[in-house]
Amino acid sequence: MPTATETIVKSAKRKRHDTDSNLPVGHKTKARKTEKDVSQRPNVEEEILLLEGEITQSRKNYNKITILQDYCKKYQTRSKTSITAAIALCRVFCRLMALGSMSQSREMADNEKIIAQWLRAQCGSYTDTLLGILHGADPGMQSTALTLLMRVQKERSDNLNELFHDHGQNEGLFSRIIASVTSLNSMELIREEFVEKYVQPYDDVRYYTLACLNNLLKEEKEDALDRLDVVVSLLALLESDTAEKQSMDNFYQKKVNAKLHNVNAHKKLAQELWMNVLSRTLSRSQRKTLLNMMTTHVVPWFTRMELLMDFLTDSFNAGGSLSLAALSGLFHLMQAKNLDYPQFYTKLYSLLTSEILHSKHRSRFFRLLDTFLSSTHLPAALVASFIKRLARLALGAPPSGIVVVIPWIYNLLRNHPSCTFMVHRRPEYSDFIEGEGMDDPFDMAETDPMETRAFDSSLWEIHTLQSHYHPNVATIAKIISEQFTKQAYNLEDFLDHSYSSMLSAELSKEIKKPPVVEYEIPKKIFFSNPDPAKDDSLLVRLWDFS
Amino acid sequence: MPPSQLKRLKSSLREQGITGQQKSKKHKKQANKNGSVRDTRIQRNAALEGIREQFNPFELRAPARASKHDFVTNKPTNGKAAKGALARPGVTKGFGEENRRQTLLKEIQRRKKVGGILDRRFGENDPKMTPEEKALERFVKEKQRGSKKNTLFDLEEAGDDEELTHFGQSLSFDKTDNLDDFQEGLSSEEESNRSDSSERPSKRRRLSIDVSENVVLDRNDEQPARPKTKKEVMSEVIAKSKLHKYERQQAKEDDDDLRAELDQGLPDLLAFMRGAPHQPEGQQAKSLPNGNMNPDRAAILDGKDRAQAEKQYDERLRQMTFDKRSKPTEPTLTEEEKLEIEAQRLQDLEQQRLFRMKGEPISDDEEQGQDQAPPDGPVDLNQEEQDSFGLGPGLLGRASTRQLEVEDEDDFVLEDDLVDLDSEPELTEDSSLDHLEDEIAKEEEKEFYQGLFTGHNAGVGEINENEKREFNTPLAGKADSLAYTYNCPQSHAEFLQITRDVPVDDHPTIVQRIRALYHPKLQAGNKAKLAVFSSVLVDHISYLANNSNNTTCASIEALIRHVHSLAKMFPEEVGRAFRGHLKSLIEDRSLEPTLGDLILFTAIGTTFPTSDHFHQVVTPAMLYIAFYLGQRVPQSLNEMAKGIYLGTLCLQYQRLSQRYVPELLNYTFNAMWALTSAHPGAITGFFPLRALSDSFRLGESSNSSPRKLRISDTAPTGNGSEESKEALKLALLDSLVSFCGNMADVWTGISAFTEIFEPVATVLRHLGSKLGAAKLGNPMGAKIHDTLHQIEDLLTKARIARRPLLLHNHRPLPIKTSIPKFEESFNPDKHYDPDRDRAEMNKLKAEHKKERKGALRELRKDANFIARESLREKKEKDAQYEKKFKRLVAEIQGEEGRESKIYVREKRMRKGRK
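In the order they appear, the protein sequences are chains A and B. Under our numbering, the first residue of the first sequence is numbered 1, with each subsequent residue one higher. Under our numbering, the first residue of the second sequence is numbered 547, with each subsequent residue one higher.
Just so you know, these hints were derived from the structure itself, not from any lab. The C-beta atom is built at its ideal place from N, Cα and C for all residues, glycine as well. Be aware that a few hints might be false.
Claimed, not checked - FRET-style restraints, in silico, Cβ to Cβ:
| no. | chain 1 | residue 1 | chain 2 | residue 2 | range |
| --- | --- | --- | --- | --- | --- |
| 1 | B | His1159 | A | Met444 | 28 to 34 Å |
| 2 | A | Phe527 | B | Glu1268 | 30 to 36 Å |
| 3 | B | His1038 | A | Met444 | 28 to 34 Å |
| 4 | A | Phe527 | B | Ala1074 | 33 to 39 Å |
| 5 | A | Glu451 | B | Gly905 | 39 to 45 Å |
Chain A on its own, in the form it takes in the complex (with noise of 0.2 Å):
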């Protein structure tokens, strides 16, 4: 993020390399054109100093404040001196305030307290400017605007005990500020700016952002949800760790309320703006996104963390990516604050589902899937549900999806040994079974994890995949038939692969071993082979090549 005076020296740069860009075109114009520019923009600029400097100097010349302002309100033409302008005025206004010629006391002269009120009246206007400017402008003067509206802000609460707060009236000049940087989408830039420079830093910022945000929302009817997209995002700038600061004492105004020092009061505001968030109806990618930085953004915040958990079983309710999404934060809550979450395995055994094992998610899912499924007193046969139907999905799996399921089964079976019956069972009726063969007692459509009879039931999936066309699956394949000597398989080993990643792993290799070749030469790969002794292969058949 460019601060203010690089910009300014940015664009100063563009300026020069413009000129620059211009110079080839020809001596006279040239000429012109230099002579333009010394004629012209020093002299504004100069002028400028040269206002700033009398204003200082003498009450008299309070007048060319104006002037100033007129040069500042260009902006949407000349930004240069618009910009100059408008630092300059800072400058004046941040001096006036510190020397006290804008507050307002019961001993003042009236002619002093008509100036007073003049001068508070162009500072006024000035930040409209200034406002206007950060609304609607180019990157570059927006973020100068915001460093001199923030700075003025500062020297108004310093000096003429303005605060931050108005407590709900949306019209002091700091609710202004966070109206205009959350108004628009596109604000991105400035935005994060915003957060860096200010909210991260400064304890008592971040506190009345977020009372003003609260306020903002508050003001917003139900179904506007573009500013809830800026707010969420604004929230989520926020570094994750903000929330467990032990204590707030990094200001940026001198004086402060004396319970902003308290991180309660802090945390409080927070939960209430994130309760004012996720009570709103939200949409699926809304949602999502909440989700997703639910442990990370929302859930520090919280000192009253059952509150999430309407939000959180609602979502998990809600089936398909989005219960993904909840599982880790309601596995906090579960972990956390002890949350009873009823049918909570029949839940999870229906996100079971044929996506799951393809979707980007399956990493993340698993991590949890194994947490989940980690103690050793849940019942087998619902253990054996669960391993039955990843087997059976891992059927339709990529490998990258079968190398994480087959060692998590198999840790599985390790906890859980009465489950072996699934790999290894002489059957009951086996003359019966000699006779009539056998259909899998496994129930696909089941819902309920106890009752698919999954214990009763063999792993034939993973048998299959043991003859998968990719050996290195073949061959993790094979540990469920192996000696189960191993403790358990780490699954992280297995998590992050891809096709991609395993065609550059196979690639990557150098031939060591000249490949065998095979030692027939087909006489036909394309037609029909003449000697009708010889079956055409697969291709001939189904394909025409002439």
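Given the coordinates of chain A, assemble chain B onto it according to the supplied hints.
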């Protein structure tokens, strides 16, 4: 019971004549006169000393415990240990004392004395050496030091004085010559010298063993002899080897003479054999001893020195062991035998393929024979290589190589016979069907190679070293417009240059000519050139497929077969070329394979054994195909055709190994769904479905029978007419249905067959009811019906064959036992620690303890010695002082006495005067 100590003392004293009768005075006087009294006294003292020693109870130390009976111990019953080692502590002590006196005492005396020069000159402190000897010794040392410096890695040098021995006897032939050689003398001398030089007076050598060694060394020092210098040794070796060489030459000449003589006699012998084939037995026997005997031996036996004869005989005998044994000649094989060998070979190849399929390691030498052609080894080409080099005999022509390479010729005869035999099936009944197929393939292979050269058979005979000239022989077909010689292209650009103006159909001809011209047997560099050319060909195949219409398939096929036969010669290069293409495919156009890529995948499938568990080229290719099938959602009919083409290849890859490819099944489902919207709810279970656009939906199908898919269908063809699109859709569906059937065929045996194909059957049923029920007699519907029927059959079979898994029929793991192992011959002194590390540790500890004890004892003894020495010194000093003191006192007293005498005398004199 032995007599008491006292009695023994008395008796020994008496024996020595110390006690006993007093000698008479006369005897004494006489002895005195002779001066022998002193002698006797010395004698007596010596005898007394002897007795004292004898009776010292500490002179000999008996073992602490009496030796055990041999039936209670397993220690050796004889030898040093058995005797219990009668130690002589006095002697050992004496040695130690002496040693200390020479080292420690010197050190003590030198203590606090600064500077000094140690004389380390050789023999300087040796009083036994004469000055000449000393000078000689020093000279020798100096010379040796100079010569030994550069011999650290000199193998020849080391080889000179080392040789293999058995029981100390040399194993070389010229042992007798060596006997009088310098080596023996030198070795002992050198040894002594070495020990001499190593015998620097070490500071603390006090163990008695060392002392005894010193004694031995001293004895060696007494007869020093000048060792030979290196130069002398070398010259002698050279002389010797020259002599040997000369002797060998002589022997050879003798042999030649003998041979010539025998040759001269050969006509006589032949005449003899022809003339009188049946000679009487007796006569033959009579003539045997001299006739059949080696003339040398005869000469030897004629007389001469017996010993020499024996010696010569032994030598010959020994040499004979190194003679090459005669080998049985190759029998001429009958047709059946040849056939059997051929069948055996094919069986072996199949066996190896099965091994590779199961992923079992093939032993190295087997593999060597299998896939590595030894570089430039045309001498003993085995059958296999003959095949891979099958080009050879064809090239070198038939007539010209008849004498040169008979084996090649045989090969051809064999092949021709095979062709004949194939027409008579009853002869090949014993070999299995696939053998028959293999043989046919073999024959085809040969034909393929021969076909390469039919064009210019007449000319090839004249191709020899480096000769590249135009052939004048007329050629058949269109190929006559082509040139005969080409440079071997080393890059694809070069090859394109060559083939620029040539129609695609003639490319195989060009390739075959290049291969003929650069056959590895013709010139040394050809092999490398052809290797590069083989990878160029791979490039060219994909180039051709990408850049031309589909009429080129025939020539592409020929090129693929060329690549295949080159791959037999250069498996590594061809493999690398294919892998390079795969790599660029993944990097540049990961899910957009071109037609050329498809053709290359086809080529991989035929060139390499796709059934291998792991193969450097096939495995990545297969993985890519699955990647494509799994990840690519077809956007157009052409893409779907591409997918189906890859699916076909996939099925073909797995036709032997029957490995399971989930992606293919998934793709088939999705494609069928897209074409017919025949998705019956959530039946497909474990396969994720992807929504495809409606443009794939098959319209109301006509009764027309589906056409075959064309390779050109995979290329994007813009917007064809609606009709042709429908036809394509129908063709796609048709091949998908055949996929179902084929997949069911390939994966019949797998254990989850029911799980996999139940959904397939459902989908087909649904499809059948949708298409077939509406219009009976629809060829499509009929096909679906057939396939469904087939799958349902297989499903029933799979159901009957299904058993619960019994995967863990392992031997149970043994529980670790804690009962110690019983030792057959247990030795309490030995440690039987099963833990190696601990045993090692204990051993080290024990050693450390022992060493520590030894060192302590040595230190204690040193301290005692030092104390003793200092005491002795002090006593000496005291005695000296005492002596001096006494002398002084005596002197003073003497003086006093003299003075007092003088005084008394003077006193007396004065008295007397008075």
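Consistency of the hints with the structure:
1. With their beta carbons about 31 Å apart, B/His1159 and A/Met444 fall inside the hinted range of 28 to 34 Å.
2. Hint check: A/Phe527 to B/Glu1268, Cβ distance near 31 Å, so the stated range 30 to 36 Å holds.
3. As the Cβ distance of B/His1038 to A/Met444 is approximately 53 Å, the hint placing it in 28 to 34 Å is violated.
4. Here the CB-CB span from A/Phe527 to B/Ala1074 is close to 34 Å, well matched to the stated 33 to 39 Å.
5. Evaluation of the 39 to 45 Å hint for A/Glu451 and B/Gly905 yields a pass: the beta carbon distance comes to about 40 Å.
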